[in-house]
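Here is how the chains run, residue by residue.
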Amino acid sequence: MAARTEGVPVVPGDVLTVEGLSTSIRLRKSAVDVVKGVDLRLRPGETLGLVGESGSGKSMTGLSIMGLLPPGGHIAAGSIKLDGRELVGLPERQYQKVRGNEIAMVFQDPMTSLNPTKTIGEQVAEPIRLHLGATPKQARERALDMLALVGIARPAERMGNYPHQLSGGLRQRVMIAMALSCEPKVLIADEPTTALDVTVQAQVLRLLHDLKDRLGMAMLLITHDMGVIARWADRVSVMYAGGMVESATTDRLFAGMRHPYTQALLACTPRLTQRRESALFSIPGSPPDLEHPPAGCRFAARCAHATDRCEREAPALTEPAPGHTLACWHPVEGPLEPAARPVEAAPKAADDQAGPVLVADGLVKEYGTGRLSLRRSARAVNAVSGVSFAVRPGQTFGLVGESGCGKSTLARMIVALEKPTSGSVTALGGALGELRGRDLRRHRRNLQMMFQDSLDALDPRMRVGAILREPFEAQGIGTAAEQLAAIRELLDEVGLPHSALERYPHEFSGGQRQRIALARALALNPRVIVADEPVSALDVSVRSQVLNLMKRLQATHDLTYVVISHDLTVVRYIADIVGVMYLGKLVEVGSADDVYLRAVHPYTAGLIAAIPEPDPGAAEPAGGLDIGSELPSPLDPPSGCRFRTRCPRAQARCAEEEPVLLGFGPGHSAACHFPLREPQPAVPAG
Amino acid sequence: MTDTAPPQQVTSGWRLAVRSFAQNRLAVAGVGIIVLLILFCFAGPLLYVTEQVAVDPVNSLLPPGGDYPLGTDAQGFDVLGRIMRGGQASLQIGLFAALIATAIGTLYGTIAGLIGGVVDGIMMRLVDTLLSIPFLFIVLIAATQFSSTVLSLSLILGAFSWLGPARLVRAEVLSLRSRGFVAAATVMGATKPRIIVRHLIPNALGVVIVNITFQVADAIIAVSLLGFLGFGLNYPDVEWGTQLSDGVSHLFEGAWWLIYPVGGCLVLVVMAFNFVGDALRDSIDVRLRRR
Numbered sequence: 001m002a003a004r005t006e007g008v009p010v011v012p013g014d015v016l017t018v019e020g021l022s023t024s025i026r027l028r029k030s031a032v033d034v035v036k037g038v039d040l041r042l043r044p045g046e047t048l049g050l051v052g053e054s055g056s057g058k059s060m061t062g063l064s065i066m067g068l069l070p071p072g073g074h075i076a077a078g079s080i081k082l083d084g085r086e087l088v089g090l091p092e093r094q095y096q097k098v099r100g101n102e103i104a105m106v107f108q109d110p111m112t113s114l115n116p117t118k119t120i121g122e123q124v125a126e127p128i129r130l131h132l133g134a135t136p137k138q139a140r141e142r143a144l145d146m147l148a149l150v151g152i153a154r155p156a157e158r159m160g161n162y163p164h165q166l167s168g169g170l171r172q173r174v175m176i177a178m179a180l181s182c183e184p185k186v187l188i189a190d191e192p193t194t195a196l197d198v199t200v201q202a203q204v205l206r207l208l209h210d211l212k213d214r215l216g217m218a219m220l221l222i223t224h225d226m227g228v229i230a231r232w233a234d235r236v237s238v239m240y241a242g243g244m245v246e247s248a249t250t251d252r253l254f255a256g257m258r259h260p261y262t263q264a265l266l267a268c269t270p271r272l273t274q275r276r277e278s279a280l281f282s283i284p285g286s287p288p289d290l291e292h293p294p295a296g297c298r299f300a301a302r303c304a305h306a307t308d309r310c311e312r313e314a315p316a317l318t319e320p321a322p323g324h325t326l327a328c329w330h331p332v333e334g335p336l337e338p339a340a341r342p343v344e345a346a347p348k349a350a351d352d353q354a355g356p357v358l359v360a361d362g363l364v365k366e367y368g369t370g371r372l373s374l375r376r377s378a379r380a381v382n383a384v385s386g387v388s389f390a391v392r393p394g395q396t397f398g399l400v401g402e403s404g405c406g407k408s409t410l411a412r413m414i415v416a417l418e419k420p421t422s423g424s425v426t427a428l429g430g431a432l433g434e435l436r437g438r439d440l441r442r443h444r445r446n447l448q449m450m451f452q453d454s455l456d457a458l459d460p461r462m463r464v465g466a467i468l469r470e471p472f473e474a475q476g477i478g479t480a481a482e483q484l485a486a487i488r489e490l491l492d493e494v495g496l497p498h499s500a501l502e503r504y505p506h507e508f509s510g511g512q513r514q515r516i517a518l519a520r521a522l523a524l525n526p527r528v529i530v531a532d533e534p535v536s537a538l539d540v541s542v543r544s545q546v547l548n549l550m551k552r553l554q555a556t557h558d559l560t561y562v563v564i565s566h567d568l569t570v571v572r573y574i575a576d577i578v579g580v581m582y583l584g585k586l587v588e589v590g591s592a593d594d595v596y597l598r599a600v601h602p603y604t605a606g607l608i609a610a611i612p613e614p615d616p617g618a619a620e621p622a623g624g625l626d627i628g629s630e631l632p633s634p635l636d637p638p639s640g641c642r643f644r645t646r647c648p649r650a651q652a653r654c655a656e657e658e659p660v661l662l663g664f665g666p667g668h669s670a671a672c673h674f675p676l677r678e679p680q681p682a683v684p685a686g
Numbered sequence: 001m002t003d004t005a006p007p008q009q010v011t012s013g014w015r016l017a018v019r020s021f022a023q024n025r026l027a028v029a030g031v032g033i034i035v036l037l038i039l040f041c042f043a044g045p046l047l048y049v050t051e052q053v054a055v056d057p058v059n060s061l062l063p064p065g066g067d068y069p070l071g072t073d074a075q076g077f078d079v080l081g082r083i084m085r086g087g088q089a090s091l092q093i094g095l096f097a098a099l100i101a102t103a104i105g106t107l108y109g110t111i112a113g114l115i116g117g118v119v120d121g122i123m124m125r126l127v128d129t130l131l132s133i134p135f136l137f138i139v140l141i142a143a144t145q146f147s148s149t150v151l152s153l154s155l156i157l158g159a160f161s162w163l164g165p166a167r168l169v170r171a172e173v174l175s176l177r178s179r180g181f182v183a184a185a186t187v188m189g190a191t192k193p194r195i196i197v198r199h200l201i202p203n204a205l206g207v208v209i210v211n212i213t214f215q216v217a218d219a220i221i222a223v224s225l226l227g228f229l230g231f232g233l234n235y236p237d238v239e240w241g242t243q244l245s246d247g248v249s250h251l252f253e254g255a256w257w258l259i260y261p262v263g264g265c266l267v268l269v270v271m272a273f274n275f276v277g278d279a280l281r282d283s284i285d286v287r288l289r290r291r
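As they're listed, the protein sequences go chains V and B.
Mapping the first sequence onto my numbering, position 299 (from 1) lands on 299, and the numbers just tick up by one.
Mapping the second sequence onto my numbering, position 77 (from 1) lands on 77, and the numbers just tick up by one.
Excised from the complex, chain V in its bound form:
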């Protein structure tokens, strides 16, 4: 970076200029450069997207600008100028006047960022009183305006609410109201929608975009999601391992990227148009350990184009075209052609003749609110209320829905971790509810589970060797030597070195841990694996590795999967049959193509429309299917059709009569009174 000490010229009109920013964090023994030589420019009214995987330094860049680095963090070099005024080295007292006033920030998790002991009215009014010196009454009025501005209905009533009384989407709106209350020049939005459901995400991003335009702010949008960037950012900067690798306007970056990392990141983002036959592109390996950064290009170890030079010398940022900067020795031209992607052996077609391997019949799960409760009427929560489906051998059943719709409870009932309140699960001819003790334990061999949080699902005190040996020991299979041989084979299959045996789970990256979890689930050679959000905790580049692995193992082991995810693109890629759940009920079931291309339930269509495509040219979703508001409480589900409170097509009948699943084609059914297509009565449902 020595060649760039002159820095970018300050173009008049830039509201925020960051030049050669390097931030380091002191650890016990060493210092880690979490941000190294980052340049940014923001013009008023512009949205700059900052994209990268976790650990790429994008959040640290945002925190550096806010002057809110964690303990031990400091800016080692570079400058941050707000309207030409230097912020680096500004005394804390003066920084406080800037923070929340001229630069504001919206954080990822609105629950932890809001004070749980204060009403939202007080919290929105606080920066107004602090920075604008308003009287309590003025501040209150302004807070009311702000809450109305961010689209909170009946703001005067909501002012007195505490954060826990609001839903996730409303809390994020309150955060935005707080951030905007002093009309900052720059808004830093750090993963503002990552904790929200996809339907709410679209609304919050639209709100941010509209407010930015209305107030003439500049916005720094930090995210890992290429789809969000494509739709909402004007320019994009891509970060990798603390450094900026490429920056350009959004259209240019998506159509003509030059850096291999940008290319790979876009290629491994699953899309709705993904062809299931071809394997998802994935970036091999994982990001470098910043405590011991590589000497040359930090991406070299994972790059398909890397040469010796890349490993020796770090490339400097160059500007091959005006407004397009790049740090690479061997630039590529444009996005990867889909044809260039590896094609995996086509999965075996599911055997339509064979009987189902897994049948769920009328599953209901109610959680009481405590039997010893002193309250008179203990209300039950209906987590799952009557779900039936069947999965044939070799198929993948994908289950999608927003958080809180009962997906995970359903998964736990399928593997007999929870007893259904009523209904039954039959796996491989055995009714799980009727098996007891020894029989149930033996039957479990065929029915394994993968969990979302791999760190939680692997015993932290056991080495990987012991973790993988456990299934054999629990089932009493094989001698120690045979077990070891089987364990080594499992490691080979999931692509982990044998040296992993002696290590503890926390020493692995998230993707590696999910491989260990997969190896453990495979150990007993099960017929069915239930995977609850198997890749939600992983970065996109690693996510595609795990998804490809799951697919390959399905073909080689003749597995049947039940994959549960809130991410529709993941399910699109992996599932043959898709079930859409809403508030404890299946509202639509069909083949992946039926559900994604020919959805008949308004909820399904709304969910699909809300997914941001990683393509700036993608058409805006049709306006008629905005299912904006949030999931009603399962304590008290709406009468009739549960979706009616959010449905744009709802009519009086929906409140009175609960719709049943009707057939819309072979194997395609949906429960709706006013579907997007007319049902086909000739074909029986289910």
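Keep in mind the hints are simulated off the structure, nothing from the lab.
Quantities reported herein were computed from a predicted structural model and do not represent experimental measurements.
Heads up, the beta-carbon is just placed ideally off N, CA and C, and yes, glycines get one too.
Any given hint could turn out to be false.
Per label pair, the in silico range of CB-to-CB distance [unchecked claim]:
#1 V:Gly437 x B:Gly117: 49 to 59 Å
#2 B:Phe137 x V:Gly476: 48 to 58 Å
#3 V:Gly437 x B:Leu229: 51 to 61 Å
#4 B:Gly117 x V:Thr112: 41 to 51 Å
#5 V:Ala481 x B:Gln23: 33 to 43 Å
#6 B:Leu205 x V:Glu473: 18 to 28 Å
#7 B:Ala103 x V:Gly476: 25 to 35 Å
#8 V:Thr479 x B:Leu205: 22 to 32 Å
The following residues of chain V were derived to be distant from chain B, with all beta-carbon distances above 10 Å [to be verified]:
#9 Asp33
#10 Gly45
#11 Glu333
#12 Glu366
#13 Glu470
#14 Pro679
Assemble the complex: chain V is given as a structure, and chain B must be docked to it using the hints.
Quick look at chain B alone, frame taken from chain V:
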């Protein structure tokens, strides 16, 4: 497709724990203090032989110096030798009481946490009830009923300080029970006893071990308190609390050597156990370890 494995070599789990513990200077100092005090109290009397049974009124309340490095007390006992002898009793009682309290508490807490439901409710309400009775009150009554020996004091203290560990272990078992790896073991067909032995106990052990060190410190203070109030060991046995109480009665005669040395030892040993406990808590957590 293959992730690169971490390049370092394999190290055993225990060595890692020891290394992380050794990096904590306060903890090393704590261990050092405990070892030195144990040597001082138990090996000291072998090297520094003093008369601790027959009173010697002629040489009472001598200031430090000459034959008596720390002076003598009202009965004419050498104070340095007396601290060693008192320390033996204090340390023994502290350790025994802590072990008894932890054993009862762990068992009780584990049962409550594992069974859950109504049984758990009743068991924990019992703990709440016992905790609401002033500890000192019960111990004083009990102390008057039994002759004061090292064993009886340990039993009394142990029998009334298991409540804290019981709550702690129950909470730990409850949180462990809902962890993913327990669910994973259930799904692979592991039996309940197997889950308890392989997952719950090893993961709860850290909390228990750490708790023992704090219990030792608490029990040493508790037994000193009993001694100070006059319910300590019977003559000729002594522990630090009784010594302090004797010292206080001669405070106005300027006999500072009866207070400061023994009080210093007490503070030192309690502090040392707390340092060790804090460091253990950090080093036993596998996730905080670095290679």
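Here is how each hint holds up against the structure:
1. V:Gly437 x B:Gly117: 49 to 59 Å: Roughly 20 Å apart at Cβ, these two residues miss the hinted range, so it is violated.
2. B:Phe137 x V:Gly476: 48 to 58 Å: Distance hint for phenylalanine 137 of chain B, glycine 476 of chain V holds at roughly 54 Å.
3. V:Gly437 x B:Leu229: 51 to 61 Å: The hinted range 51 to 61 Å holds for glycine 437 of chain V and leucine 229 of chain B, with Cβ atoms some 56 Å apart.
4. B:Gly117 x V:Thr112: 41 to 51 Å: violated (32 Å)
5. V:Ala481 x B:Gln23: 33 to 43 Å: holds (39 Å)
6. B:Leu205 x V:Glu473: 18 to 28 Å: About 20 Å separates the Cβ atoms of leucine 205 of chain B and glutamate 473 of chain V, which means 18 to 28 Å holds.
7. B:Ala103 x V:Gly476: 25 to 35 Å: holds (32 Å)
8. V:Thr479 x B:Leu205: 22 to 32 Å: With Cβ atoms ~29 Å apart, the hint holds.
9. Asp33: holds (18 Å)
10. Gly45: holds (42 Å)
11. Glu333: Label holds. Min Cβ-Cβ 26 Å, cutoff 10 Å.
12. Glu366: Non-interface label stands for glutamate 366 of chain V: nearest chain B Cβ at 18 Å, farther than 10 Å.
13. Glu470: With a cut-off of 10 Å, glutamate 470 of chain V comes too close to chain B, as the shortest Cβ separation is near 7 Å.
14. Pro679: holds (38 Å)
In summary, the structure is inconsistent with hints 1, 4 and 13 from the numbered list given earlier, while agreeing with the others.
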